[in-house]
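Novice: Going down the list, the sequences are from chains A and B. Note that the first sequence covers residues 41 to 487 in our numbering. Note that the second sequence covers residues 41 to 487 in our numbering.
No lab work stands behind these hints, which were simulated from the structure alone. Please note: incorrect hints may appear among the correct ones.
The list makes no distinction among identical chains, and a pair is therefore deemed to hold if it is satisfied within one copy or across any two copies.
[Unchecked claim] Simulated crosslink set (DSS-like; lysine-lysine; CA at most 27 Å straight-line):
1. Lys81 / Lys476
2. Lys436 / Lys110
3. Lys68 / Lys110
4. Lys68 / Lys476
5. Lys68 / Lys436
6. Lys220 / Lys68
7. Lys81 / Lys220
8. Lys110 / Lys476
9. Lys81 / Lys68
10. Lys476 / Lys436
11. Lys220 / Lys110
12. Lys445 / Lys476
13. Lys436 / Lys220
Protein chains: 2
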Amino acid sequence: MKNLNSSLPGSVVAAQGFLASGVFCDLKRLGTGKGSDKGRKPDLALIVSEVPCTVAGLFTTNQVCAAPVKVCRPRVAAGVAQAVVVNSGNANACTGRRGLADAEAMAACAAGHLHLPPEHVLVASTGRIGVPLPMENVREGIRRAAGRLGNAPEHAAEAAEAILTSDTHPKEVAVEFKVKGRRVRLGGMAKGAGMIQPGMSATGGRPAAGWHATMLAFLTTDAVIAAEPLQAALERAVARSFNRITVDGDMSTNDTVLLLANGLAGNPTLTPRRSPRAGANSGFEAFQAALDFVCLELARMIVRDGEGVTRLVTIRVSGAQTDADAEWAALAVANSPLVKTSWCGGDPNWGRIMAALGYSRARVVEEQVDLGYSPPGGRRVLWSLRRGQPTRATFKSLCAAVAAKEFDLHIRLNLGKGVAIRYAADLTEAYVDFNKGDVSNPAALGG
Amino acid sequence: MKNLNSSLPGSVVAAQGFLASGVFCDLKRLGTGKGSDKGRKPDLALIVSEVPCTVAGLFTTNQVCAAPVKVCRPRVAAGVAQAVVVNSGNANACTGRRGLADAEAMAACAAGHLHLPPEHVLVASTGRIGVPLPMENVREGIRRAAGRLGNAPEHAAEAAEAILTSDTHPKEVAVEFKVKGRRVRLGGMAKGAGMIQPGMSATGGRPAAGWHATMLAFLTTDAVIAAEPLQAALERAVARSFNRITVDGDMSTNDTVLLLANGLAGNPTLTPRRSPRAGANSGFEAFQAALDFVCLELARMIVRDGEGVTRLVTIRVSGAQTDADAEWAALAVANSPLVKTSWCGGDPNWGRIMAALGYSRARVVEEQVDLGYSPPGGRRVLWSLRRGQPTRATFKSLCAAVAAKEFDLHIRLNLGKGVAIRYAADLTEAYVDFNKGDVSNPAALGG
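Using the sequences and the accompanying hints, generate a full structural model.
Specialist: Have a look at this one:
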């Protein structure tokens, strides 16, 4: 991407004026949390701005939503925040009134240590559902996290580590771009792994086609931008990234994306152009492009690191009667257990893809369907089916196309102009093994 | 069930005047099929009535549907048939015009050997998608099957074996009941295993909530009943049985249920009662009860013998705002990979069930939901959640409830009077292993 330096370290502390930390406070094992962090995975993170920020956020549309989501929605709508406190190991979901009080207390505790108004602190949780937060540990964790805040990449890395659950590695990105000569930075961290098919909105109203992780993403920027355009930019970016991924089709009770903008870059205020004349190179567009890039990078990292995942398949549907039809077609293929297991085996099984298209809610005419494969983002497509009939592509060449760890699946319905993209994963024995749980160890059973 | 002898042998030949056979003609390996049947699994079945029958049928609502489905729909609508020819190993789906001609030729070939009008012969296929039928083998198989027809239970067993794909054992049932003193019999055989979530209708129009197997079921009866009430009775029975099962949520291109009634029992013609006064013990109601029983028995056998399945879970949703809501709630839970893997592990994980309910299309209020377990059909429910909160049931007792190979999951939404039942399966490593295929052996890759 031109005008975009995408190899910046530091993720959430890359932008000016942001601090972060991560600590271990034993939220899974319900121990004391007062011991040393050494050798124990951190499970509580803090992200703090030196000055108040405008804020944007999107949350799960699951009707059963976690206490931190309920606490954050009105705070994000108010448009101002300065810190985020996040824990892993416990989702604080399905925990009733106590859960709500705990989420508020978690924010208030952080606010106390940081000398902020409690309503300027946001909160997020991920982990087991239905177990009350061990608040003594949480409070001790927040106290220590507040004492360790810093703006070095290691501080961001600590925080990025602390929000993980079944993820195998942290997910961090940061970029830098120019707005009227001023250097603006945007960075973020995310976690995913299982229960991943986000369908997030600001209010809880369902997005058009997403109906089914806990995925969390925290983004920070030093751009000068008001809350309203910030929210619009985040909604656009999430619609093209996090809301387009699926690992297992299960939508979490806790999905949350938060974006804080502290304005320390000192750029002219970013506003969306009102007319096409305003020019394509406005600062807002550069910001949107940077945000789109960061969200898509993090979203794809989540799919790649999904539970048991060995393949990232980008499903590109075109020629659907409507965009909604294209989304339904892509979603049916992305979530078909038979298609997903065929990817796991490196099997270019088009019959299963055709069956999934046929039972999707999209209009499909068998004799019109083209199916093919390309490397990620590739324009040269190896077509497997044309107008419903096998091409002369050899089985060997098709196997080679789907043997890759990442490939694009092109589906042309040839019925209209509807398009959709979905980032999907395969289904492996490792996913089943991980999620079947261990009933001999109730504390290990995830939410 | 009173007035119902359900331990009859012979399935499709239990009723008077029906004959069956099964032969091996090497449809998978595309060999010659002319060798001995010994040691090789049969793959072609014939079911024939000595006299013409009224007929009823339901077919997949997948928009991509197999050639035999296209051939059968108008023949079933015409109301008369006398034979069914079925092959396994090849689905004759996504095979274009050639596939349609092959399905017609398959019926015509059987008609020739049986001296019947071709339009009185129905046809069904299951197996790999997208490969033309090896017609030489099919013709040879039909010739030999026509020469082996018989009405002993062994003949039915041969046919029931021939229609299997990844099933581990044949599925057969037969019952006998009395109508005004006359003995009436009804029997059937079925196959399932993978790509199982039927949503069948007579015309291809979608049923209300089923949107996502190849499952095949063939039913025969000697009852005297016209085609129209026969179709009505079959639609009711399928709505309560086959259309309520899910193994993997994938709906096949080939799902077919056929019911032939040859009238040889000589009972007074069965007609649905027009008014409540006609009495509850009419012959039609006895017939419907028998048909409901046979379809549900076969449907549950399909789930138990699904690919890799170790558990049959009957999901009973009540108190939904509408029946449609109840269906959506049941379906979301039945198809959630995280819920299904928890069953595989014998883990009574209610958080995953709540998350699935929350993202379903049904209205759900967290604080209203009751969840519990009972033995199959049991009335004493061990409640795990009441009004969204964990009960005092111990983890050990809940684990014991879901350790059973078959149990009922009771979900009360407490929002209205909508109810639904769904027969679901767990998701195991064996399912993934089976379906990931073996690309070193293209012929073994299933459809």
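Novice: Compare the structure with each hint and give your call.
Specialist: Evaluation of the provided hints:
1. In this homomeric assembly, Lys81 and Lys476 come within 27 Å of each other (Cα to Cα) only inside a single copy, at 23 Å, whereas the closest approach across copies is 34 Å.
2. Proximity of Lys436 to Lys110 under the C-alpha cut-off of 27 Å is found in neither arrangement, the shortest distances being 52 Å within a copy and 32 Å between copies.
3. Taking the closest pair of Cα atoms, Lys68 and Lys110 come within 27 Å of each other only inside a single copy of the chain (22 Å); across copies the shortest separation is 56 Å, beyond that limit.
4. Proximity of Lys68 to Lys476 under the C-alpha cut-off of 27 Å is restricted to the intra-copy arrangement: shortest distance 18 Å within a copy versus 34 Å between copies.
5. With identical chains, the CA atoms of Lys68 and Lys436 are at most 27 Å apart between copies only, with a shortest distance of 20 Å across copies and 47 Å within one.
6. Proximity of Lys220 and Lys68 under a CA criterion of 27 Å is satisfied in neither setting, with 48 Å inside one chain copy and 68 Å between copies.
7. Taking the shortest alpha-carbon separations for Lys81 and Lys220, neither the intra-copy value of 42 Å nor the inter-copy value of 75 Å comes in at or below 27 Å.
8. In this homomeric assembly, Lys110 and Lys476 never come within 27 Å of each other (Cα to Cα): the closest approach is 29 Å inside a single copy and 41 Å across copies.
9. For a Cα distance limit of 27 Å, the shortest separation of Lys81 from Lys68 inside one copy, 11 Å, qualifies, whereas the shortest one across copies, 52 Å, does not.
10. For a Cα distance limit of 27 Å, the shortest separation of Lys476 from Lys436 across copies, 17 Å, qualifies, whereas the shortest one inside one copy, 35 Å, does not.
11. In this assembly of identical chains, Lys220 and Lys110 lie within 27 Å of each other by CA distance neither inside one copy nor across copies; the values are 39 Å within and 64 Å between.
12. Taking identical chains as interchangeable, the C-alpha atoms of Lys445 and Lys476 lie at most 27 Å apart whether they share a chain (25 Å) or sit on different chains (15 Å).
13. Within a single copy, Lys436 and Lys220 get their C-alpha atoms no closer than 53 Å, and across copies no closer than 65 Å, so neither meets the 27 Å cut-off.
Taken one by one, the earlier hints fail for this structure at numbers 2, 6, 7, 8, 11 and 13, listed in ascending order.
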